Every structure is written in C-alpha cells, then in structure tokens.
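Colleague: Generate the whole structure from the sequences, applying the supplied hints.
There are 2 protein chains.
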Amino acid sequence: MGYEVTPWEVKGKIDYERLIEDFGVSKITPELLERIRSTAGGLHPLLRRGFFFAHRDLEKVLKDYEEGRGFFLYTGRAPSKSPMHIGHLIPFLMTKWLQEKFGVNTYIMIPDEEKYLAKKVDSLEEVEPRVRQDILNIAALGFDEDRTFIFRDTEFIGRMYKAAVHVARHINFSTAKAVFGFQGETSIGLIFYPALQIVPTLFEHRRPLIPCAIDQDPYFRLQRDVAPKLGFYKTAELLSKFVWGLLGPGTKMSASEPETAILLNEQPETAVKKILNAFTGGRATKEEQRRLGGRPEICVVYHWYTLLFEEDDKKLAERELACRTGRLLCGPCKRELAERVKRFLEEHQRRLKHAEKKARRMMYDGKLASEMWNWEFKPRQPLQPY
Amino acid sequence: MGYEVTPWEVKGKIDYERLIEDFGVSKITPELLERIRSTAGGLHPLLRRGFFFAHRDLEKVLKDYEEGRGFFLYTGRAPSKSPMHIGHLIPFLMTKWLQEKFGVNTYIMIPDEEKYLAKKVDSLEEVEPRVRQDILNIAALGFDEDRTFIFRDTEFIGRMYKAAVHVARHINFSTAKAVFGFQGETSIGLIFYPALQIVPTLFEHRRPLIPCAIDQDPYFRLQRDVAPKLGFYKTAELLSKFVWGLLGPGTKMSASEPETAILLNEQPETAVKKILNAFTGGRATKEEQRRLGGRPEICVVYHWYTLLFEEDDKKLAERELACRTGRLLCGPCKRELAERVKRFLEEHQRRLKHAEKKARRMMYDGKLASEMWNWEFKPRQPLQPY
Numbered sequence: 001m002g003y004e005v006t007p008w009e010v011k012g013k014i015d016y017e018r019l020i021e022d023f024g025v026s027k028i029t030p031e032l033l034e035r036i037r038s039t040a041g042g043l044h045p046l047l048r049r050g051f052f053f054a055h056r057d058l059e060k061v062l063k064d065y066e067e068g069r070g071f072f073l074y075t076g077r078a079p080s081k082s083p084m085h086i087g088h089l090i091p092f093l094m095t096k097w098l099q100e101k102f103g104v105n106t107y108i109m110i111p112d113e114e115k116y117l118a119k120k121v122d123s124l125e126e127v128e129p130r131v132r133q134d135i136l137n138i139a140a141l142g143f144d145e146d147r148t149f150i151f152r153d154t155e156f157i158g159r160m161y162k163a164a165v166h167v168a169r170h171i172n173f174s175t176a177k178a179v180f181g182f183q184g185e186t187s188i189g190l191i192f193y194p195a196l197q198i199v200p201t202l203f204e205h206r207r208p209l210i211p212c213a214i215d216q217d218p219y220f221r222l223q224r225d226v227a228p229k230l231g232f233y234k235t236a237e238l239l240s241k242f243v244w245g246l247l248g249p250g251t252k253m254s255a256s257e258p259e260t261a262i263l264l265n266e267q268p269e270t271a272v273k274k275i276l277n278a279f280t281g282g283r284a285t286k287e288e289q290r291r292l293g294g295r296p297e298i299c300v301v302y303h304w305y306t307l308l309f310e311e312d313d314k315k316l317a318e319r320e321l322a323c324r325t326g327r328l329l330c331g332p333c334k335r336e337l338a339e340r341v342k343r344f345l346e347e348h349q350r351r352l353k354h355a356e357k358k359a360r361r362m363m364y365d366g367k368l369a370s371e372m373w374n375w376e377f378k379p380r381q382p383l384q385p386y
Numbered sequence: 001m002g003y004e005v006t007p008w009e010v011k012g013k014i015d016y017e018r019l020i021e022d023f024g025v026s027k028i029t030p031e032l033l034e035r036i037r038s039t040a041g042g043l044h045p046l047l048r049r050g051f052f053f054a055h056r057d058l059e060k061v062l063k064d065y066e067e068g069r070g071f072f073l074y075t076g077r078a079p080s081k082s083p084m085h086i087g088h089l090i091p092f093l094m095t096k097w098l099q100e101k102f103g104v105n106t107y108i109m110i111p112d113e114e115k116y117l118a119k120k121v122d123s124l125e126e127v128e129p130r131v132r133q134d135i136l137n138i139a140a141l142g143f144d145e146d147r148t149f150i151f152r153d154t155e156f157i158g159r160m161y162k163a164a165v166h167v168a169r170h171i172n173f174s175t176a177k178a179v180f181g182f183q184g185e186t187s188i189g190l191i192f193y194p195a196l197q198i199v200p201t202l203f204e205h206r207r208p209l210i211p212c213a214i215d216q217d218p219y220f221r222l223q224r225d226v227a228p229k230l231g232f233y234k235t236a237e238l239l240s241k242f243v244w245g246l247l248g249p250g251t252k253m254s255a256s257e258p259e260t261a262i263l264l265n266e267q268p269e270t271a272v273k274k275i276l277n278a279f280t281g282g283r284a285t286k287e288e289q290r291r292l293g294g295r296p297e298i299c300v301v302y303h304w305y306t307l308l309f310e311e312d313d314k315k316l317a318e319r320e321l322a323c324r325t326g327r328l329l330c331g332p333c334k335r336e337l338a339e340r341v342k343r344f345l346e347e348h349q350r351r352l353k354h355a356e357k358k359a360r361r362m363m364y365d366g367k368l369a370s371e372m373w374n375w376e377f378k379p380r381q382p383l384q385p386y
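Chains P and V are the protein sequences, given in the same order.
Per the numbering used here, the very first residue in the first sequence carries number 1; after that it's consecutive.
Per the numbering used here, the very first residue in the second sequence carries number 1; after that it's consecutive.
Derived by calculation from the structure, the hints in this document are not laboratory data.
This list has only true hints and no planted wrong ones.
Here are the simulated lysine-lysine pairs, DSS-like style, with alpha carbons at most 25 Å apart:
(1) P:K241 x P:K274
(2) V:K378 x P:K120
(3) V:K119 x P:K378
Which chain P residues stay away from chain V? Per the calculated CB distances, all over 12 Å, these:
(4) R132
(5) L136
(6) E145
(7) H354
The structure displayed is predicted, hence computed values, not measured ones.
Cβ coordinates follow ideal geometry from the N, Cα and C atoms, glycine included.
Modeller: And the structure:
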C-alpha cells in the first residue's frame, strides 16, 4: 500500500476511494446528503463539501430519529504532549452541529491514558496540562451543557470498567491484532485500550453516531462485532478526511511540528505569519498566475477556506473562479484567510475564558453529567443484527 | 514437560524440584526456616512441614523487618462459579499467621472479573453470588480489621486504574505472551489483567510479600521487572505446593468436581462421607496392612493431617509411625480426620455468621480500608535493583 492508516499513525498519500473499500465503509452519496438536509433542516459545510465523506449506518440513524427511537453522539480527544490545533476541532464542530439539529445527548471521551499506553509520551504527567486545556477548548465550543458529558478515562473508569470487561472478553487478541496491527512490543495496556474506547457506545440503549476522522474506524469496526452480543446497538459513524497541513496538499497538520498547523493557543500574530507562509496553488510569478490562473485543488489556503473559513457557498465559488481565472492572486487571498484565522483564534481564546464553568457543568453538574456519575452497565440479551 | 503450570491451568504430575528451577525461584532451606523461626518467634506448620517450599527474596523481607523498614502482605482469591474449598484457605491462613507475627498491613484482592476474562465462566453475573461468599469466608478467618483491606476489582478500579496503566505500559505483549502463554483466542481483557494483579504490590513503599501457590509466580515475575522502573519494590513471594484432592496423591482439589474437595459451605455430614471415601496409603486387606504397614507418603488422609488437621508435630510423628508399623489402620485414621474436618467446618460456618460485619470493616470502614479509599498512585524515580 502507498499509505498506512491506523488510529496511531497516518502515513503516506491517502487514497480515500481506496480507504472506503479497504475499511468497508460507505460513501456519503448525494441522495444521503439530501436525506440529511431534509431531516436536519440544513447541511453543515463540512458535509455538503464532502469533507465528511464516508459513513456506516447513517441512514439507520436518520430512520431512528424519524421514527422516534432517537440516537446519541459520541466523539473524543486523546490528550498528547502538544496543544490542540485547528484541525482537531473539526469532529467537535460536526458533533455540535448534529447536537443542535437533533437535540441529542453527546458523550465526549478524553482518554488521558492512551498516548502513554501507545508510547507517544513518556509519562501520564506529561499530558496532564494538556488534559485540562483540551477539555476547555472543547467546552468553549458551546455544547448543550445539560446534554453533554465530558469525561476523562482515569477519572471515570470506576463507572466504565465493568462494561470494558464485557467488551474485552469478546475481543480475542488475534482479532485485535488484525484490526490494529499490534506487535510484540505493543504494551498490554494499548491492547486492552480498544475495549475502553468502545464503552461509551454502550452508554445508552440507542444507536450511537460517531463523527470522527476515518483513522478511528478500526475501533468501531470492532464495536460493531461486539455490541450486539451484549445487547447493544452497532455504532454508526460519520467519517472525515484529514485536514491538510500548511506545508502542502495531502500533508498532515501536526501539533508537534508547529510550522504545519495553527495551534488553538497560538498568538494570533504568529498564526498570521504561518498562513502567509502557507503552501498555495499559485504559480511561479504573478504574471504567470494572471495568465494561467491558480490551482485551488492543490492549495492549502483554499482547502482551509472550504473547511472552516468560508461558510457561504456562493462566495467560495466566486473565490475559486477568481483564482482559476487569475483575477485573485495568492497574496490577498492569504491575507484574507490570515485575517479570518486571526479573528477565529481571538474569538476562541476569548470564549476560553468562560469555558471553565461550562466544562464543570459538562463534566460533573449538568443534567447528563450528573446522571452519568450514577450510570451502571448491565449487559442485555444479544440483539439480532439490526 | 510432564506438567503445565500457569495461573489458569495446573496439569499433570508436578515435579516441584523442577518447578523451582523452571520458575527460577529459591528453595526454602533449613537455614532460612531457622531465621523465620527466630524472627517470628515460631514457625507455622505449613512452613515447618515444607508445604510452603519455595520463595523469592524472603530473606530480604526478614531483613526489612529487622531493620525497621517493614513490609506488607498481599494475597487474593478469584471468585469462580464454585464455592471455595478447604485448600483455598491455605494462603489465607499463612497470610494471617504472618500478619499476627509481624503486625503488618495485609491486602486481599478479589479479582471478580478474572474468571470471566479467562473464559472460565460465561458472565460476570455468574460469579456474583460467590464474590460475596468468598469475601465472607476470608473475613471469617479473623484478620486484623484495621490492618487488612479486602477489595474487589470492579469496585476498587477507580483507585487502581492509574497504577494499572503505569504497569501495563511497561509490559510488552511479547513478554506477557512468553510468561503466560497467551494465544490468539485469549481475550484482550485477560492480556491486560496481569497489570491489575500487580497493582496492589504498589500500594505501599515497602517490600510486598505474597503467600500463594506457585502457579501465581508468573504474575510476580513480571512485577519484579516492572516495579523498580516505577520506583517500587520487587515483590517477595512465599510459595506453596498444591493440596492433594481426595482422590489420590498429586490429584487436584477442584471445587467444580465435588468428590475431590471439601467445600467450605458443605454440610458437615457430607464432608464426613467424602473423607471416609478418600484415597489412603492403606493396603488391600487389614491383615496385609498390619503386616506391611501403611504408606503415609501417598496417603491423602495423612497429607491433610499434615496441612490443616494436626498441629502437634509429636502427635503427627506418632500417627505416621503407627501407620507405617501397621498399628493404625485406615478406618479409625479416616474417622478421626472426618471428625476434625467436621468440627472445622462447623466452626467455620459458625464464624461465617459474624463475618458480615468484619468484611464491612475490612472493605470500607476499618483503618486501612478507609485510607485505601483515598489512595492515589504516584510513580517515583526508578529504584536501583535492590
């Protein structure tokens, strides 16, 4: 393969069509998009522009919703040694939009042990400052405080462990190895960890829907084997591509390589500089660009407009056309994006100041959070495949 | 090998001398026994009769004690679908004796998830009635209620998980596989489980001493690799042989095969019948036995006298001599044992009636238990091998 996609490593040039086949997920078709639009009363730009491009059982989620069975949302963020970058917000923004449109409960896992077990950091203590900051970043987005539960594994494990034991009992090492590519040097903690990541899909007796990047699919492929055996729903997934890093199309945004990403805690002025240095689809000279036009399809700046910085489809199309016809040069286009990114960061950092109280509500005091601190797992009769 | 010894399976005829070599543990020498006797002010029959026959670092435990650093005790019992039998009490009786002699804290783990993860039972619920009963059986033995903490994994996991993550991160799959013989069909839960069983060895910054049957050694062999990396002591072990079942020398006492074992919840009269049917070292006829004498070395009845039912060495020697010389026939010898077993069960079952309150103290309210519910794991600087 020209690429490798696991929850711990995404390498090489991603062929998304091929990934759909390899992972056995489904493409989001125009028909499905129309169904989402009519059920939700709108379509988030990340959906209508195909950044969320694949799914499992999304049509069943819509049916559950329409027929009154409801569903719930689940996503998460594993704290690492680096701060979150703008790309990390995407599954949360998608999740928040879904929560608003469908009014459903949302569970946000903070697996504060995962990076340590995966040997990406040298101690649990190393991620500790990030745990708090990541939670605040998420809380600042404005989820419904009574319908959202944010929990960190080392704190909520007391409630989750029994469910994790049930899940773990149903996953053989050979299966886990095939799905995740575990090796001899893999820690026994990382081998167990998938059981924990599956637990929140058992928080309710409804279908879970997980908005996440496609590299997380292996966990939920396993979930779909196990959950029916415990009498719970197979999870549905809404799967995104990866955000391009600033250095070029198809590159990764990595918080540990600062030149590739805009960090959420970055000085807005630093962010401006990074955007002005970003890789574009521009030509060698202004003259040439006026003559041949730019190439939005390989332009990181255009990519970012489509994802987070131009909500208006008409304006986005105008920008694309102006670029392709050589009327819009990279300089002003980048400056405009830099300005928007700067405003975005300033706004986010302002909201962060009020996030502490929100986080507390979603972790401990809010309606859903209070309920979850009394949650107890009980296995049910196995479900028929459904 | 003619035998197989893992924590989940003990098969074949055990060659204890060979086990000492294979496991790399040390034999308990007469010199070491003398040191225990002089430090403890006595020797438990299970020690002086060699049923606890091997160890790791026991001389270091004695040194720690003598030099004021102290040590602590740790043992446990995994609830299964069957009740506990008399043999299961042995590590606890040894532990209790050590606690009395040395006045040290004692931790008793009830891994209520282990049998389920090991696929020995089909649900967690299946062991639930036994969890309670096992705890009462242990509590009834009369440990120091302020120096003993009994905890079940699914309940105490909130306090243990962080430590388990640290341990798990330091155990690679290849090591765990080599130690436990994990296979493709092993559940990922059982692969993680050794990390949990190791956690109580990190409850104090002292040397842990674990009285247990030698099949548990693999867990603690791993512990001895990992603990110094986390700044904690390598565990010491006091290792026993296996109790013979009623059907013959070298057979297993198995609670799931009722004819092989005396269960703690058995009707005393049933126990009497089982003893009267036990395999002995007697001869084909009384006449022959009077002439040739019996063979205590292959006699289950004699074996049981040595372990639990004759504390007085002189009387035991007299019994052996009377048997060997043909003066004592199997009938009266068995009847006497049956009577003692019956009294033992009646006494134990009487004590069980008052065990509930003791159990509560050792699980929740007693001095050590109260402290442990606030325990928090903190890794330390790695220790030099010590």
